[in-house]
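In order, the protein sequence lines correspond to chains A and B. Counting in my numbering, the first sequence runs without a single skipped number right up to 398 at its last residue. Counting in my numbering, the second sequence runs without a single skipped number right up to 1398 at its last residue.
Keep in mind that the hints were calculated from the coordinates and are not lab data. A portion of the hints provided could be inaccurate.
Here are the simulated DSS-like pairs of lysine-lysine, each with C-alpha atoms no more than 25 Å apart in a straight line [as the list claims (entries may be wrong)]:
{"#": "1", "chain 1": "A", "residue 1": "Lys92", "chain 2": "B", "residue 2": "Lys1332"}
{"#": "2", "chain 1": "A", "residue 1": "Lys4", "chain 2": "A", "residue 2": "Lys130"}
{"#": "3", "chain 1": "B", "residue 1": "Lys1214", "chain 2": "A", "residue 2": "Lys332"}
{"#": "4", "chain 1": "A", "residue 1": "Lys210", "chain 2": "A", "residue 2": "Lys102"}
{"#": "5", "chain 1": "B", "residue 1": "Lys1332", "chain 2": "A", "residue 2": "Lys344"}
{"#": "6", "chain 1": "A", "residue 1": "Lys71", "chain 2": "A", "residue 2": "Lys35"}
{"#": "7", "chain 1": "B", "residue 1": "Lys1130", "chain 2": "A", "residue 2": "Lys353"}
Pulled a few chain B residues facing chain A out of the computed Cβ check, cut under 7 Å [stated by the list, open to error]:
{"#": "8", "residue": "Ile1260"}
{"#": "9", "residue": "Glu1330"}
{"#": "10", "residue": "Glu1387"}
{"#": "11", "residue": "Gln1395"}
Think of the CB as a built atom: it goes at the ideal place given N, C-alpha and C, for glycine as much as any other residue.
Here's the letter readout for the chains.
There are 2 protein chains.
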Amino acid sequence: MEAKIELIPEGNVTSPEGFFAGATSAGINRRAKDKPDLGILFSEASCVATALFTTNRLKAAPVVLSQQRLKQGRAGAVVVNSGCANAFTGEKGLAHAAEMAKLVAEGIGISAEDVLVASTGVIGLPLPMKRIRSGIDQIILSRGGGHELARAMMTTDTFAKETAVKVGVGDSEFAIGGVAKGSGMIHPELATLLCFITTDAAVEKDFLQKALKKAVDVSFNMISIDGDTSPSDMVLLMANGLAGSAPTDAFQQALERVCIYLAKCVARDGEGATKLIEVTVGGALSLAEARLAARTVISSPLVKAAVHGADPNWGRVMAAVGRSGVEVVEAKLELYIGDIPVVKAGAPLPFNKRGLIQLLKGKEVSLSLNLNLGSGKATAWGCDLSEEYVTINSQYMT
Amino acid sequence: MEAKIELIPEGNVTSPEGFFAGATSAGINRRAKDKPDLGILFSEASCVATALFTTNRLKAAPVVLSQQRLKQGRAGAVVVNSGCANAFTGEKGLAHAAEMAKLVAEGIGISAEDVLVASTGVIGLPLPMKRIRSGIDQIILSRGGGHELARAMMTTDTFAKETAVKVGVGDSEFAIGGVAKGSGMIHPELATLLCFITTDAAVEKDFLQKALKKAVDVSFNMISIDGDTSPSDMVLLMANGLAGSAPTDAFQQALERVCIYLAKCVARDGEGATKLIEVTVGGALSLAEARLAARTVISSPLVKAAVHGADPNWGRVMAAVGRSGVEVVEAKLELYIGDIPVVKAGAPLPFNKRGLIQLLKGKEVSLSLNLNLGSGKATAWGCDLSEEYVTINSQYMT
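Model the full assembly from the supplied sequences, consistent with the hints where possible.
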């Protein structure tokens, strides 16, 4: 049965039935005083929920709390703030996260156990709880509040990352919406960044877990901004079932579409980024080797800097794939930059340097490698490395 | 028996007895026309020799050739050029490397099998052999040529990295000299960059191999500039025996001193770097965990950018050690920046922010972490990440 997947115009995390959101400027984020920095996402019907969390050993307090609460496989709301990650804050941080959840639960009238917490921003500072308390009081939830929530999650992001799709398949119709925030300390390790995905489809918990893992593996786990994995990362999927059951194939397909769209948004909006880079590695001995090779190339600061300057220094792509640890045979390698063949059978081809530079100057640059050894294929996304990345990150706290 | 190790003023790779060097401007490096870019290092007595090579799977032609020749455990000379790495150049590249060795062998009057080759620079371009041939003809070897050789190896390096020590222990006296070049595509993986070490001590091949591995593990394997491992890396150690036998302890100690000095020079002179960063991790469960943690922190672009901007964003150090994969317990962590305690028992200490910023503005910044879990301890070196790094690397080829 063919699924019809349509983009919802200006769709976001409240596009699926029964989801409400709202946000406010609580004054947590000192660097963006007019931007909302505290928000709530809520489902009027209790959700089957699952999430993937950071693999960083020093998990932020909201991660510890949300991981614990999701053991029950259900959730009703998430409260999120930017400007302070509540990470490396010890017992006090855990108490702060619990209080945030409790305040939201009381305001909405659900159990505190059903409220998850996410925070992003500076590591090592305590949450300004007075501002959080009065901020939570001020938030008004609405069916159209998804975009405000997206804005509240932004730190150094330059645009809100959100999307939604409507899926029709046979008799069933459901929607999936999503929101994500970048844009530094991002490197694929199981889950990166903050992302909330909502759906009104009715789905079993076990399937939901597997579906999310599979979708994240081809999306968020295939992006890198700077090689640093944050202590706050979380990709959350909440399904409230209001639209009834959904065929699993169609659900998986739509979920991956939403995740890949958001992951590419995050990559494109990496700190200081001026362009999106897409690296595809084919012909690897296995899927795992293709993934590793693509992730290594997308993470190479030298490849990223060369693309930034539209410098056709393709040797750096070869150096990166060579150090990735995957099986490569020089004489079999093929490389395309965009649609221009640059290396074939391990030998550089004569190419039009001016044309190649023109292509590298575009807003999207694709690098395609064929290792010609097997059938493993994977795509990774990232961004160029600019002087601006350094400027942003040398003055983050001061 | 206590060894007396003295720095030789203006010492370099020709300070040990019997070593000769010379260099010329062959015109290989188009970006630095006045600088020598082709050099030869030669020992009048045949050397016991050993080397560590890059772990990159796509090894440059000179690496393939030198690795093969060193199986005999002996060498008499090395020819080195900058400006072109002769990497990813296939069969033609191998032929070019072999021809370089042959020309040098004929000029000096030794067997081509005793000549090693090293190249550094752009990847994927063929060596300009006409310039190499006439360049080799022009080189005049002398006992004082070490410094010219060091200059010939430089690419984006801003200063020549060289040193030598004189060792006296009991009746024996010998010298060890070394030269290294950085300064991009540097990340610890067995061996990084180009480094030649010479000694007039008489040492067995087996000991020489072990001694070099041990010294590189605490020096070149503990530095990172940008996380990229080049296809051209080589650390070579040549011992011509002219000064007679040396006690192994004293030799090891002096060798490590030379290697650590050169490794720190390379770290300090990373592309675009304005300061040296030293990260010490103590109290780890094992030496391996201490090494991994120190290397992860020194490689973090966010830590490097924060140090660049003298931004006391210590949370990034914690995030990096947390993602390193080593065992850490938040409540036991201790961090010093310079001699200022910043975190104790997992909790931030009140600190004088102005004093800390002043300290971070220095040319050398040390970060000391104590995990308080065991006795593993290691030190790693790197540099800050500056806008200049991006500028250099976005215009390397164009």
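Each hint, compared with the structure:
1. A:Lys92 to B:Lys1332: This hinted pair holds, its Cα atoms lying about 16 Å apart.
2. A:Lys4 to A:Lys130: It is violated: about 48 Å lies between the C-alpha atoms, which goes past 25 Å.
3. B:Lys1214 to A:Lys332: 36 Å, violated
4. A:Lys210 to A:Lys102: With Cα atoms ~30 Å apart, lysine 210 (chain A) and lysine 102 (chain A) exceed 25 Å; violated.
5. B:Lys1332 to A:Lys344: Not satisfied, since the Cα-Cα distance of roughly 54 Å exceeds 25 Å.
6. A:Lys71 to A:Lys35: 33 Å, violated
7. B:Lys1130 to A:Lys353: Roughly 24 Å separates the two Cα atoms, so the pair holds.
8. Ile1260: With a closest approach of 24 Å, the isoleucine 1260 (chain B) hint is violated.
9. Glu1330: 6 Å, holds
10. Glu1387: Where the cut-off is 7 Å and the nearest Cβ of chain A is about 4 Å from glutamate 1387 (chain B), the hint holds.
11. Gln1395: Hint on glutamine 1395 (chain B): holds, closest Cβ of chain A at ~5 Å, below 7 Å.
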